[in-house]
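Given only the sequences and the hints, what does the whole structure look like? Please build it.
Read off the chains here:
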Amino acid sequence: MSIWGALAGGFVGTLVLTTAMRSANELKLTRIDLPFLLGTAFTTNRTRAKALGYLLHFAFGLLFALGYYGIFLAIDHAGWWLGAAFGGVHGLFASTALVNVLLPLVHPRMGSPLSGANTITLLEPPGFLMRNYGPQTALVTVLGHIAYGAIVGGFTALAP
Amino acid sequence: MQLHRSRIEGFMPIREYAAIGDGRTVALVASDGSVDWLPLPDLDSASVFAFVLDSEQGGRFQLEPTVPYEAQRRYLPDTNVLETTFRTGVGTVRVTDAMTLPDESVHPFRELQRRVEGVSGRVAMRWRVEPRFGYAQTRARFGRRLGVPVATTGHDALALCAFGAGKSELRAEGWEGMFEAVEASTALLALSFAHQEPLVLPQRADLDRRFEQTCADWRRWTTHRNYAGPFREAVLRSALALKLLVFAPSAAIAAAATTALPEEIGGERNWDYRFSWIRDSAFTIDAFLQLGCPAEAQAYFWWLMHATQLSAPRLHPLYRLDGSTHAQERSLPLSGYLGSRPVNVGNGATDQLQLDTYGELLQTAWLYSRSGNRIDRDIGRRLAGFADHVCATWRQPDSGIWEVRGEPVHFTQSKMMCAVALERAAQLAEQDLIPRRHLARWRTEGEEVRAFVETRCWSEHKRSYVRFAGAEELDASVLLAVLHRYEDPRNERLGATVAAIGRELRDGPFVHRYTGEDGLRGSEGAFLACSFWLAEALARTGRAEEANELFDELISLANDVGLYSEEIDPASGAFLGNMPQGLSHLALISTAVALAEAEA
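If you read the protein sequences in the order shown, they are chains A and B. Under the working numbering, the residues of the first sequence are numbered 1416 to 1575, in order. Under the working numbering, the residues of the second sequence are numbered 403 to 1002, in order.
Any given hint might turn out to be false.
[Claimed, not checked] Keeping only pairs whose Cα atoms sit at most 20 Å apart, straight-line, the calculated EDC-like set for lysine to aspartate or glutamate is:
1) A/1443 with B/790
2) A/1465 with B/780
3) A/1465 with B/778
Derived by calculation from the structure, the hints in this document are not laboratory data.
Dropping the structure here:
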C-alpha cells in the first residue's frame, strides 16, 4: 500500500470517471457535466469553464484518493472491491448531498430551491439524486464512482 | 354600500385576480381580499389554496371587512406587492399582500405576508385560513407549535403567525379570527411554509424587515429596466408580471401561473400552463433584451440549452420548470372553475410534434447572439443539429402552434417557422457561430420549405396565407411570419395576409386564433396575444396609425392592476384562461417596442 499508488489510482480513476460521465452525456442518459458545474463557479465563459473544471475535477479526484488512502491505512486494508464499495458510498454522497445540497450553497451561479426573484441563476439546481439533470443521472454517477473507487483501491493495493 | 364584486357560485371573475409571487411560486388574490390560488413550494407544485378551481373544497385565505365595502387595488409602485384599500361606511382599511423574497436571515422556505393598516375609523375585519394540501386531496393535521397554529402533512407544513389580528380559533379544518382595524393600527398575518425542513416561526421584526426588503428589491429591479416609450406603465407592469413567471431556481419561465382556468366557461379546454414553452422563447429573449435584462436573457438561454439537451435534436413543445419533460396529463377530482371540467394538471401536448418550435429556438439563438452574447462550440453544434433535424422533418404534418388535438396537418405557420429556423441557422453559420458544413443543405431545404408555403399555403381566393396546406381557413398565428421575419414585412403577400386576418378574425380589438375544427368540443374566447400580434404586424407593415389605435384599445382591456389572462370573451369582456398569461404580456411588450420603432 502506498500513497503514490493512491494518487496514481486517483488520476486514472478520475480519467475513467470523467470519460464515463461524458460518454453518458453524449448518449443522452444525463445532462450532468461535472467539470462544467465546477468551472462555472469561476467564469461564465462556457469553454473556459469546462477547461478549468477539468483541472479542478482532477484535483478533487486526487484529494479524494488521498482520503481513501487515509481510510485504507486506518483499517490496514485496500483492494479493488473495498475501493468499489467506497466509490459506491462516494457516488451516493455526491448524488444526495455533495452536488445536490452543498454545491448550490457555494456555487455563485447555481440556483437552489431557495433562490428567489431577487437572484438570477445561470445553472439549475441538481435536485435530489440530481434527477433534474435527467432520470439516469444518479445511476451514471454511482457507477462512475464505483469504477473510480475500484481503481483507487486496486492501485493502492498493487503499489509496494 | 355593496360588495365590490359579488361571486358567482363562490367563484370570482378571473379579471378580479391580481398576482403576487417570489420567483418560486405565485398566488392569486381576489379583489375581495381572498387568496384563492397558491401552489407550494413551487409554481408547478400541488396547491395549498385552490378555491379558484373548487369553491367548496379548494381552500383559501380570506381577509376582508365584516361590513359592506368598496375595494380599490394597485401594486405598490414598481413592485409585485399588492395593496387593496377597503372603504366602508365606518372607516377605511388597507391590506398589503406580498410573497416575500429570501434574505440573509433564517427565513421560511416560502412566506406570504398580509399586512393590515387602519386608515380611518374603526373597521371590523375577519379572516379565515383553510389550507388544503395536494390540490385538496391530502388531509392535514392541525395543531399548535409554541402557541402558533400549524397544519402538517407528510414533508410539508404551514404555520400562521398572527400579530394584532385577534385570537385564532380552529373551526372546520381552518383557522379564523376577527379584529378591529382602527386608525394607525397595524396587524399582520404571515403564512410560513416549510418543505422537507422544520418550520421557521418568524418574529415580527424579521417580518417587517423582510417586507421592506422585498419592496426595495422589486423597486431596484424595475428601475433598471430601460423602456422609455409612451407605454411605460403598461410595459413595466408586463415586465413585472413576466418576472413573476420566472422560476428563479432554474431561470425557466412559466407560460402562466395557474392550471385549468377555462377558455370556455363550463367547457373542456382547461389546460395546465405551469410549464415553459419553446414557442414563447423568442418573444421572451427579445423582451428581456429590449427591456435591459441581459442577465435574465443569459440565464434563460442557458436554461433552454440545458433543458433541450437530452432530447436534442428533437424538441418537446414544453419543458417542466426543472428542465425535465415528464408532464403526464391527468384530471383532478375538483369541481372546476364554474363547473369547467376536467381540471387538468400536466400537459399532454409535451409529446406532440410542433415544427414551429425549431424556428422559435433558432430565432432565440439568433437574437441572443446578435445582442453580443457568446455561443460556445457545444451549443453551436447542438443548434446545427436542430437545423439538420428540420431538414429531415419539415415535410411531416404536425400539431401546430395551437397544439390541436385532432389529426396532424401541414400547418402554414409551422412550415414558415421551419423556413425561419433554416435561415437563422444559415446566418449563424455564416458568422461562424455554429458549424457550417451543412450550410448548403439548409439553404436548399429552406428554399423548398418556402416553395411549399407559397404554392400550397396561399389562397388566391382569400388573398391570404391560410391555416394549413389546401385550406381556406385563416389562422392568426401566421402573423408571426411578420414578427419573426419569415419575409420582409413589406412583402405583398404578408401585407395582404395581415389585412385578411383583420377582416375575418378580428372583432373590435379582439382577434380569434383561427376558424375551423381543432379536435375539441366547444369554442373559446378571443386570444389576447393574437390581438397584440395584429397590432405589431400592422405597425411593421407600415400601418402605424391603425396599430396605435388597436394597441390603445388593448391596453384598456387589462384588469384594474394591469394584468391579462390568456383570452377574453368578446361579448362580455370577461377574462378566460390561465392568469396571468406570459404570452399576452410578452406580446404587449413586443408590440410597444414595435410601435416605438415605427415612430422613430
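Going down the list of hints, with the structure as the test:
{"no.": "1", "hint": "A/1443 with B/790", "in the structure": "18 Å, holds"}
{"no.": "2", "hint": "A/1465 with B/780", "in the structure": "11 Å, holds"}
{"no.": "3", "hint": "A/1465 with B/778", "in the structure": "11 Å, holds"}
Violated hints are absent here; each numbered hint is respected by the structure.
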